[in-house]
Structure formats: structure tokens, C-alpha cells
Amino acid sequence: MLVLSRQRDESIMIGDNIVVTIVDIRGDKVRLGINAPSEIPVHRQEVYEAIQRENMRAARLEPGDTQDIGKFAGRGNNGPARPPEGPRR
Amino acid sequence: MRINTSRFGRIDVDPADVLHFPSGLPGLEDCRDWALLADADNDALGWLQSVARGDVALAVVSPRRFVPDYQVRIPRSELTPLALSDMRQAQVVVVVGKTATGLTLNLKAPIVINLEARTGRQVVASGELPLQYELTNQRPPLKKSA
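Chains A and B, in that order, give the protein sequences.
Take numbering that gives the first Met the number 0: the final residue in the first sequence is number 88, and no numbers are missing along the way.
Take numbering that gives the first Met the number 0: the final residue in the second sequence is number 145, and no numbers are missing along the way.
Chain B extracted, bound-state conformation:
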């Protein structure tokens, strides 16, 4: 399957690797199919590339590599649409953002992927978590969620 992307040029993706997001993503509801690509320079970073829209891609990371005490509490109602009975079958990534001061991570709304079923969904995690967790060299400990 060929995708003409604005960031990575023309890429070929195995249809079996494509992730289906039945609800798309908030703000990108029409983008239902995504390919998870590794960044060429950075093994800590991936890019969630929309199959339908070559100009749409989100930088994603495994949250624990950047926020070691990040514990996601996801309500079961958020996991059921993914056919996940527990989080051990899931891969969790968070979206990288950018503000005037630097790069941020969306810890409030992680993306949960069911690797076996090749489905995914952005969920709202319980507790007080930042939508824009600032990445700095001094990492403040994350408050425990309620």
C-alpha cells in the first residue's frame, strides 16, 4: 500500500501493518487508518501517519521513556471498543506537541493500540494529567492521579 506523505515522501506500507481507528482521533475524525512509522534519526520517536491524508502525521513516543512514573488509568469503557480485556495486550503511545517553550507530551489523552487486532483509539485517562506535559531536562515528578 503506497502513501504519498508530505513529511516522508512516498512510502510503502504492508496493509497488515495498518492500524484501524474506528473513531478516528478527536479533531481528525475522518482519519481512520494509520501507519506507525519509526523516525529515521530517533529510536525513541514514531510517527503515526494517516493513510488517507498524506499531510497528516502525529509524532508519538512511548511515555515511560520520557516520564518514568507515568501510570495510565483507563476506564474499562474506553478499552472495550478496542476489544482489550486488559492493558497488557495494549501498546500505549502519547502524542508529542510543541509550545513556545518547547516540546510537550499529551499525557491526558494517550493513544491505546491493540497490537493483535490492529486497532487503536485515543482515550481520556482518569485523573489530573496534563494535555501538555513539558519536556525539560529537570523532570518534575508526575502527581499521582486520584
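Here chain A stands alone, though its shape is the one from the complex:
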């Protein structure tokens, strides 16, 4: 890991299009400003890792696991997907 010291209002450039700026330092909390192209997602690491773990767990589900899900659904005939071949009914 590259470790740099920065003071408030100083910045770090990552690659040629990402800039991290120290916006504020208060006690043990640092506020960071991040300028990056919109296609590069930026997240708190623990949030991203939690989503990764949840996706990997969810990717193990089989149709047998979800067959009772309909009992939790409200009214409405807009399912999340169209069937591959034409309307269902």
C-alpha cells in the first residue's frame, strides 16, 4: 500500500482521472472528496464487500428455494421479466 501524508485541502491523483481531496479532518474522522469518472463506482469498502458477499450467497439459490415467494407478493401483474416466448396468459 502506498502511504502518503496529506493535510486538509491537499489532494492525491490516482491515474490520470481520479482525484482524492482531504475536505476536512476532525478528531479521528477524515472527510474525503472523490472526483472520478462516473463509470468508476466509488464506495465505502465495507459496503462494497457486504454487497459482494450477499451476491455470492444469492447466486447459490435454486428455483426450489424460491417457490413459496409468491405468498409474500401483493397484487399487481407486473412481474420483473417478460417470458422469453410471448405473454404468459
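To be clear, the hints were calculated from the coordinates, so they are not data collected in a lab.
Note that beta-carbon positions come from the ideal geometry of N, C-alpha and C, so glycine has one too.
Among the hints, erroneous ones may be present.
Unchecked claim - Chain A is faced by these chain B residues, among others (derived, beta-carbon under 10 Å): (1) Phe7; (2) Gly53; (3) Thr103.
To be verified - Have a look at the derived ranges for each label pair, beta carbon to beta carbon: (4) A/Ile11 with B/Ala51: 17 to 27 Å; (5) B/Leu114 with A/Ile24: 53 to 63 Å; (6) B/Ala39 with A/Asp27: 27 to 37 Å; (7) B/Asn136 with A/Pro62: 17 to 27 Å; (8) B/Ala99 with A/Glu38: 48 to 58 Å; (9) A/Glu61 with B/Thr100: 17 to 27 Å; (10) B/Ser84 with A/Val22: 41 to 51 Å; (11) B/Ser22 with A/Gln6: 42 to 52 Å.
Claimed, not checked - Not everything, but these chain A residues come out facing chain B in the computed CB check (under 7 Å): (12) Ala57; (13) Gly69; (14) Ala72.
Mind docking chain B on chain A? Use the hints.
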């Protein structure tokens, strides 16, 4: 386009129906192309099937059918990569998970689809939302996000 899936056997998908996820999904970064399939038994459920990996599929639902007060607040920076100027051009689905107690919905990281451009992305919604919202017959009201 033919996909040999582990759950649904061999299926044929129109390439025009395939959704492209430029960043894949967290944990499934290499899976960039997906087909959205209807579940055979359940019209409330869909399956997001990876084109490249036949063993990878996620069960997804329209969140409002299960959580009527679910309001997603998505930062604009999350919508721009999808070329969406507003949420009305989008379809939002959430991933179904499972814990020891039962089925859950990932309300914190919904999947947003640009139907016209056939692109998609999993985004992190603002506010305190559960990664594992438990589906039970008593539906607790969702706290309003900050």
C-alpha cells in the same frame, strides 16, 4: 443465442434481449451479460441468468410488489453510467437471498436496468436500507430513508 444453464437446462435467448452490465456485479465482476428470464411457476419472480456462466443466476423481484413503501434514492453518479437521466426510464429489481430464517430481499443494492439501452448495474441506494430484508407475512413498514 444458446445458454446451457444449470437451473433451466438449455435455453435460447434473443441477443437483442441480453442485458449488458459494464461493471458486472459486485462479487460477479466477470459476468457482464445477463438474460432476464421469467420463473416458470411464479409471475412475481424473475431470474437474472449469466450468459457466460451457466451455473450463475440470481432470483430477482420487483421490489414494490413485496415492499410497497420501498422508495429508492439513487445518487445521480450511479445513474449516469447507465445513460439514464431519470428513474422513469429504468426498471428496478432486487436480488432475493436466503438466510436460516427464510427469504430476504437486498434493498440496499438494487439492480437498475435501462430497458431501452439494454444495460444494467447494481447500485448502492442512499439511506439506511437492509441488505437482507426479511420476507415474512407481517411486513414491518420500512423506515424512511434519510
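Comparing the hints with the structure gives:
With 10 Å as the threshold, the beta carbon of B/Phe7 comes within range of chain A, its nearest partner Cβ sitting at about 8 Å, so the hint holds. For B/Gly53, the interface hint is violated, since its Cβ never comes within 10 Å of a Cβ in chain A; the closest pair sits about 12 Å apart. Using the Cβ-Cβ criterion of 10 Å, the hint placing B/Thr103 at the interface with chain A is satisfied: the shortest such distance is roughly 9 Å. A hinted range of 17 to 27 Å is violated for the C-beta pair A/Ile11 and B/Ala51, which are about 35 Å apart.
At roughly 44 Å, the beta-carbon separation of B/Leu114 and A/Ile24 lies outside the given 53 to 63 Å, and the hint is violated. The hinted window of 27 to 37 Å between B/Ala39 and A/Asp27 is violated, with their beta carbons roughly 54 Å apart. For the hinted restraint 17 to 27 Å between B/Asn136 and A/Pro62, the CB-CB distance of approximately 22 Å keeps it satisfied. Distance hint check: the CB atoms of B/Ala99 and A/Glu38 are about 38 Å apart, inconsistent with the given range 48 to 58 Å.
Against the hinted window of 17 to 27 Å, the Cβ-Cβ separation of A/Glu61 and B/Thr100 comes to about 18 Å, which satisfies the hint. Range check, B/Ser84 to A/Val22: Cβ separation about 28 Å, and the 41 to 51 Å hint is violated. Separation of B/Ser22 from A/Gln6 is about 33 Å and departs from the stated range, judged on CB atoms against 42 to 52 Å. For A/Ala57, the interface hint holds, the least distance from its beta-carbon to any beta-carbon of chain B being 4 Å, beneath 7 Å.
Of the supplied interface hints, the one on A/Gly69 holds, with its beta-carbon coming within about 5 Å of a beta-carbon of chain B, less than 7 Å. Checking A/Ala72 against chain B: minimum C-beta separation of about 4 Å stays under 7 Å; hint holds.
Checked against the numbered hints given earlier, this structure breaks hints 2, 4, 5, 6, 8, 10 and 11; the rest are met.
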